[in-house]
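Chemist: Next come the chains, spelled out residue by residue.
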Amino acid sequence: MSDAHVSQLRQPLIPEDRSYKQISEDILDTLEEKPSKAWLICFTISAMVLTIGFFTVAYQVGTGIGTWGLNKTIGWSWDITNFVWWVGIGHAGTLISAVLLIFRQRWRTAINRAAEAMTIFAVACAGIFPLIHAGRPWLLYWVFPYPNTRGPLWVNFRSPLLWDVFAISTYLTVSLVFWYMGLLPDLATVRDRTKSSIRKVLYGIASFGWNGSNRTWHHWEVMSLILAGLATPLVLSVHTIVSMDFATSVIPGWHTTIFPPYFVAGAIFSGFAMVLTLLIITRKVLNWENYITMGHIEAMCKVITTTGMIVGLAYGTEFFIAWYSGNEYERYCFVNRATGPYWWAYWSMITCNVLSPQFFWFKKLRVNIPFVFFISIVVNIGMWFERFVIITTSLHRDFLPSSWSMYSPTWVEIWTYIGTFGLFFTLFFIFIRILPGIAVAEVKSVYKYTRKH
Amino acid sequence: MKKDFLLAIFDCEEKLLASAEKARDKKVEMYDVYTPFPVHGLDDAMGIKRSFLPYITFGAGATGLTFALCFQIWTSAFDWPTIIGGKPFISLPAFIPITFELTVLFAAHTTVLSFLIFNKLFPGKKPVIMHEEQTCNKFVIAIEKENANVDELTSLFKDQGAIEVKVQNVDMNP
Numbered sequence: 001m002s003d004a005h006v007s008q009l010r011q012p013l014i015p016e017d018r019s020y021k022q023i024s025e026d027i028l029d030t031l032e033e034k035p036s037k038a039w040l041i042c043f044t045i046s047a048m049v050l051t052i053g054f055f056t057v058a059y060q061v062g063t064g065i066g067t068w069g070l071n072k073t074i075g076w077s078w079d080i081t082n083f084v085w086w087v088g089i090g091h092a093g094t095l096i097s098a099v100l101l102i103f104r105q106r107w108r109t110a111i112n113r114a115a116e117a118m119t120i121f122a123v124a125c126a127g128i129f130p131l132i133h134a135g136r137p138w139l140l141y142w143v144f145p146y147p148n149t150r151g152p153l154w155v156n157f158r159s160p161l162l163w164d165v166f167a168i169s170t171y172l173t174v175s176l177v178f179w180y181m182g183l184l185p186d187l188a189t190v191r192d193r194t195k196s197s198i199r200k201v202l203y204g205i206a207s208f209g210w211n212g213s214n215r216t217w218h219h220w221e222v223m224s225l226i227l228a229g230l231a232t233p234l235v236l237s238v239h240t241i242v243s244m245d246f247a248t249s250v251i252p253g254w255h256t257t258i259f260p261p262y263f264v265a266g267a268i269f270s271g272f273a274m275v276l277t278l279l280i281i282t283r284k285v286l287n288w289e290n291y292i293t294m295g296h297i298e299a300m301c302k303v304i305t306t307t308g309m310i311v312g313l314a315y316g317t318e319f320f321i322a323w324y325s326g327n328e329y330e331r332y333c334f335v336n337r338a339t340g341p342y343w344w345a346y347w348s349m350i351t352c353n354v355l356s357p358q359f360f361w362f363k364k365l366r367v368n369i370p371f372v373f374f375i376s377i378v379v380n381i382g383m384w385f386e387r388f389v390i391i392t393t394s395l396h397r398d399f400l401p402s403s404w405s406m407y408s409p410t411w412v413e414i415w416t417y418i419g420t421f422g423l424f425f426t427l428f429f430i431f432i433r434i435l436p437g438i439a440v441a442e443v444k445s446v447y448k449y450t451r452k453h
Numbered sequence: 001m002k003k004d005f006l007l008a009i010f011d012c013e014e015k016l017l018a019s020a021e022k023a024r025d026k027k028v029e030m031y032d033v034y035t036p037f038p039v040h041g042l043d044d045a046m047g048i049k050r051s052f053l054p055y056i057t058f059g060a061g062a063t064g065l066t067f068a069l070c071f072q073i074w075t076s077a078f079d080w081p082t083i084i085g086g087k088p089f090i091s092l093p094a095f096i097p098i099t100f101e102l103t104v105l106f107a108a109h110t111t112v113l114s115f116l117i118f119n120k121l122f123p124g125k126k127p128v129i130m131h132e133e134q135t136c137n138k139f140v141i142a143i144e145k146e147n148a149n150v151d152e153l154t155s156l157f158k159d160q161g162a163i164e165v166k167v168q169n170v171d172m173n174p
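As they're listed, the protein sequences go chains C and Y.
Position one of the first sequence corresponds to residue 1 (this note's numbering), numbered consecutively onward.
Position one of the second sequence corresponds to residue 1 (this note's numbering), numbered consecutively onward.
Accuracy of the hints is not assured; some may be wrong.
[As the list claims (entries may be wrong)] Computed cross-link-like contacts, SDA-like style, restricted to lysine to any residue with a CA-CA straight-line distance of at most 25 Å: (1) K87(Y) / T256(C); (2) K284(C) / W76(C); (3) K21(C) / T257(C); (4) K120(Y) / T256(C); (5) K125(Y) / V222(C).
Honestly, the hints are just simulated from the structure, not real lab data.
With these hints in hand, go ahead and build the complete structure from the sequences.
Modeler: This is the structure in C-alpha cells:
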C-alpha cells in the first residue's frame, strides 16, 4: 500500500517488527491454549455475580416491580439510569468501528473488534432494564406492531418509547452483523491454523467457508464501508432517540432541545472510558502491548478530554438557558440540582466528567497506565451520576410541594445493576477466550503503515 | 469436481501485486487471488468490476423508508385512527425516527445477506483451499491450467519473487 501522502513524522502502528505469521500467533495462540488462572478467577467471579443478578431479576419478575424504591413522584430512577448508561457505553464500539473507518483512522484496527463486542454486550445489559420494567416480560412482544386480535390495535408510533424499541433493536442487530462480518476472515484463520479437530469443525462452521478470495474481499470491503456509513447516523440516532425519552416530555429539566447532541457526546465519553478500562487489562493479560499501544491509549484519552469538554459545555448551557428562559420552574429545577438534597450527585458528576478529564492535557498523565485506568473508571462513575441527576432530580420535586419526595434504591435494584456487570464481564471473558479479540486481518493490512521495508 | 490450477505462492503483498499486474498485462485470466487481508490495487490488477452492493443498499433502504412511512400512516390514520396528544392523524415529524431506523435496518441486513448469497458464504460451507496458509501469511495467485501457458507464467512469477509455483489438482467441492 502506498503511504506517499502520510507524514514522515507518523510512527508505525505496530511498533515491533513482526511477520504476518507472528501476528497470527501473537493474537490467536491464546485461543489454542488452556485458560490461564487469571482468566478462570475473573470468569468465575463474573459468572457468580451474573448468577446473583439472575436470581434478583427472577425475584422481581415474580414479585413485581413494587420491589423497587420508586414512588408516586419518582416513577423512573435507577432502571432508566442504568439503561441509558449501558446504551451510552455501547456507542464507543460503533464509533471506533464505523466513524473511525470513515475517517480512515487506521489505528482503529487493533481495538475495533473488542470495542464492537463491548457494544453488543452493553446493549444486551441495557435491554434488561426496560424488559423488567415492562412488568410482564413474557408479553414484551406487544411492543412490536403485529396483526393482533385486539382490533388490530397498533402501537403508538408517536411515542419516543416506541422509537426506542425500533432504535435499540436496529442498533443491536446491525452492530451484531457488522461485528460478525468482520470476524469471518479471522475465524477462517483460526480454522486453518488450529491443530484440534473439534476447533476445526466449529470454526469451520462459523467462518462460512471464507478462503481469502480477493473477489470476496472486494465485496467485503465495500460492504464494510456501507455498514460503517449506515452505522454512523444510526449510532447518533439511537442516543438522540434515547434522549427524546426525556426531551419530548414537558418536565422541567428534561424538556430541552440540547439533549440529543449532549447525550451523544456523553455516550462517546463514557464508551471510550469503558473501552480503556477493558483494554488496559486485556492488553496486559494477553501481552498485546505491541498491538494496543500507548498511541491507542493516548488517542482514546484525547477523545475523552474532547467529549468531556463538550459535556461540560452542555452542563453550562443548560444552566444558562434555565436562567435565560425566565421560566421559574425550569430555573428552580436547575438550582435544586446543584444545591438541593441531591447536590452531592450533581457535584460528583461535575468532578468526574468536567474536571477529571482535564488531566489528560498532560502527556505524562496520558501515558501513565494506572492513572488512565483510574480516570476511565472515574468517568464512568461520573456518567452514571449524570443520568441519575437528570432523571431523578427532575422528578423528585414536582409541581406540587406536598408530593415532593426522595428516592433511594432497594437491594433489588442494586443487585440488578451489579448483576448486569456480571453479564457484561461474563460475555466479555467468553469472547476473549473463543473469538479473536483483535481483528487479525485488519491489523496485518496496516502493519506496513509508515514502516520502512 | 476437481480442477487443475497453476498456483503462484508469495510471502508478501508487494510481490503479489507486481506479479498480478504483470500477468494482467499479458492478458492472463486470473481465476482468483487469495490473500490473508485485502490488498489494495489487486482489484485493478485482476480486473474486478466495482461491487454492485451499493445499489442493493440503496434499493433496500428506499424500500424500508417507503414501507415504514406507509405502514405508520396506514395504522395511525386509516386502520385505527386515534387522537394522540392532539396531533393530526398523519403526524409526519413523529413518524420520522422509526422511518429512519427501518431504512437503516432494511439497508444493512439486505446488504449483508446479498454479500453472503453472492459470495456463496453460509454456515458450514467447506472452503476451497489452494494453500493451507492462504488465510495466515501466504498470498496465492490461482490460474486455471487450461487458460495458462504454464512455462511462461512459471518463469514470470519466479522472476517476481514467488516462493513456489506449481500445478495442483484442487477439489472445488470439498
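Chemist: So which of those numbered hints doesn't the model satisfy?
Modeler: Hints 2, 3, 4 are the ones this structure does not satisfy, whereas the remaining hints hold.
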